[in-house]
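Novice: Chain by chain, the residues run as shown.
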Amino acid sequence: MALEFGIFCKSTIEEEFAPKCFGTTFPNVFDGNGDTTYLDWLLSAWGWTLSVAGLALLIALLVGLVVGTLRTLPESSWFNRLLITLANTWVEIFRNIPVLVQIFLWYHVIPMLVPILKGLPAYFLVSIALGFYTSSRIAEQVKAGIQSLPKGQTLAAMALGLTTTQSYRFVILPMALRIVIPPLTSESMNIIKNSSVAFAVSVSELTLFAMQAQEETSKGIEIYLAVTIMYMITALAMNRLMAWVEKKTRVPGFIAPNNPAGAH
Amino acid sequence: MKTSLSFFKISLSGLLITNLLMSMPSFAAGTFDKISASKSITMGVRDSSGALSYTLGDGKYTGYHVEICKRIISDLEKTLKTPIQIKYQAVTSQNRIPLVQNGTVDIECGSTTNNATRQKDVSFAVTTYVEEVRIAVKANSGITSIAQLNGKKVATTTGTTSVQILRKNERATGVNFDEVFGKDHADSFLLLESDRADAFVMDGSILAGNIAMAKNPKDFRIVGEVLSVEPIAIMIRKDDPQFKAAVDNTIKGLMKDGSIAKMYQQWFLEPIPPKNTRVGLELSANTKEAWANPNDKPAEEYAKK
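Taken in sequence, the protein lines are chains A and B. Count along the first sequence starting at 1, add 28, and that's the number in my numbering. Count along the second sequence starting at 1, add 43, and that's the number in my numbering.
Rather than coming from a laboratory, the hints here were simulated on the basis of the structure. Hints are supplied without guarantee of correctness; some may be wrong.
What the hints assert, rightly or not - Computed list of lysine to aspartate or glutamate pairs in EDC-like fashion (alpha-carbon distance at most 16 Å, straight line):
| hint | chain 1 | residue 1 | chain 2 | residue 2 |
| --- | --- | --- | --- | --- |
| 1 | B | K195 | B | D221 |
| 2 | B | K196 | B | D230 |
| 3 | B | K287 | B | D339 |
| 4 | B | K163 | A | E32 |
| 5 | B | K295 | B | E332 |
| 6 | B | K77 | B | E110 |
| 7 | A | K146 | B | E236 |
| 8 | B | K195 | B | E213 |
| 9 | A | K146 | B | E213 |
Could you put together the complete structure from these sequences and hints?
Specialist: Here is the structure:
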């Protein structure tokens with residue numbers, strides 16, 4: 029069962045071998061014969077995966093943070109209650125629909141209802157769809173992080189005279205966000221893996237590359253092995269990045285949810 | 044320490060055994076033996092490949108190639124003197140070759156192009172239909188040839204040979220267009236229908252089939268030059284000359300006594316289920332030629348002509 033990794037050096041057009049395996053990616057360093065090789069294509073597809081995942085993660089973090097915080101507001105005024113209902117609805121809608129169905133909704137259905145979106149390239153629609161889907165999960169985790177803090181923290185903030193906004197900004201969120209960094213790590217890694225659904229709406233990312241290149245070269249094992257390794261590298265890199273973030277933001281003794289000294 | 048060492052030994056031997064099993068060549072039990080033993084044959088079929096092979100819903104499949112395969116199987120029943128149950132297995136462009144290679148599918152009756160790369164992995168029966176890759180556009184778009192596609196969006200299906208053809212064409216003619224990929228033929232046609240793509244490049248029969256089943260078939264037209272000529276054939280496992288001979292014999296018989304021409308008429312020029320629409324693809328000279336001189340030449344030889 030000899031694995032022929034040489035196909036990555038093949039040009040995608042002429043099926044001949046490009047010198048040095050890089051046709052167009054590094055035009056000044058490796059002077060290929062100007063044709064894209066499968067390796068070039070793999071790298072460009074990887075770039076698309078990173079872009080989709082990156083934009084989606086940004087949207088998801090921003091929206092998820094807001095929605096999750098809104099869900100924990102005290103029900104003290106009608107406005108707060110309205111915000112809480114909106115946030116709950118958001119989470120329920122985006123959690124209960126499968127991610128692929130959401131992608132199709134955003135790509136085929138919603139541009140019919142909101143014609144401006146028809147002009148948007150598939151990349152933005154898919155990032156929005158993926159971002160909103162993940163934002164509902166992040167909202168839940170942020171809410172869990174906030175609720176894991178002892179109630180005494182909110183009460184103490186109120187006793188000090190901080191407004192709700194100030195208590196969230198200075199007391200609750202700094203601790204809650206540090207608590208939820210591990211679940212956020214899994215969500216970030218999930219978003220990289222879920223970006224593979226973008227193939228269904230013709231974003232040229234790794235999964236689409238895998239399907240098409242496997243068809244063209246008939247070397248499924250090598251292609252899928254390479255794509256798997258790329259996904260693993262990306263997910264591991266994200267993992268290490270979040271670990272670094274956690275280390276950098278750690279304040280010893282800051283998070284003490286189970287500390288009996290924190291008033292309950 | 045003792046338990047960890049024995050665990051290590053067990054896992055190592057387990058790994059070695061798995062390695063040995065994986066490196067053993069898969070036994071190419073002839074397809075005839077497989078069919079006689081199980082009294083059944085698995086036919087690979089497509090969900091929406093024009094008039095060649097498509098689903099009527101509810102697990103029923105029909106089409107030009109499905110009919111030819113049914114004739115092949117009834118001839119096999121006569122040869123093996125035993126009734127053979129047909130099991131239908133829906134396949135996609137991505138998994139059709141691996142499924143034939145690993146034995147899940149015995150005979151694939153879809154819309155597979157016979158080309159040299161694929162002949163390394165599977166065998167093809169004699170060509171029953173020669174496909175011409177064309178362009179489908181909306182009738183009111185005014186596009187009549189590929190040169191006018193410069194700067195426009197062109198849809199094609201992932202995992203088909205058309206993607207590579209478009210790429211070669213772009214390179215050769217210098218026309219620059221945006222490629223949009225549908226995940227299957229119905230999806231790519233939807234891209235054209237909803238104006239996310241200005242053109243859909245695919246085999247003529249698939250274009251005609253999709254247009255015939257569209258909501259407003261009159262809105263679409265198949266235009267432009269032939270981008271590539273490809274022989275479409277029934278796929279079977281490699282290195283099984285006995286089975287290939289049987290399949291080829293049936294098909295050559297159909298060609299000689301004119302049945303294949305009648306089948307073509309029935310599927311491509313007359314109304315077909317489920318909506319009783321007419322595909323309307325006239326018999327091309329290439330297909331007539333392939334029937335007159337049965338062969339399993341790959342697409343590369345057609346391109347040389």
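Novice: Could you check the structure against the hints above and give me the numbers of any it violates, in ascending order?
Specialist: Of the numbered hints, 6, 9 do not hold.
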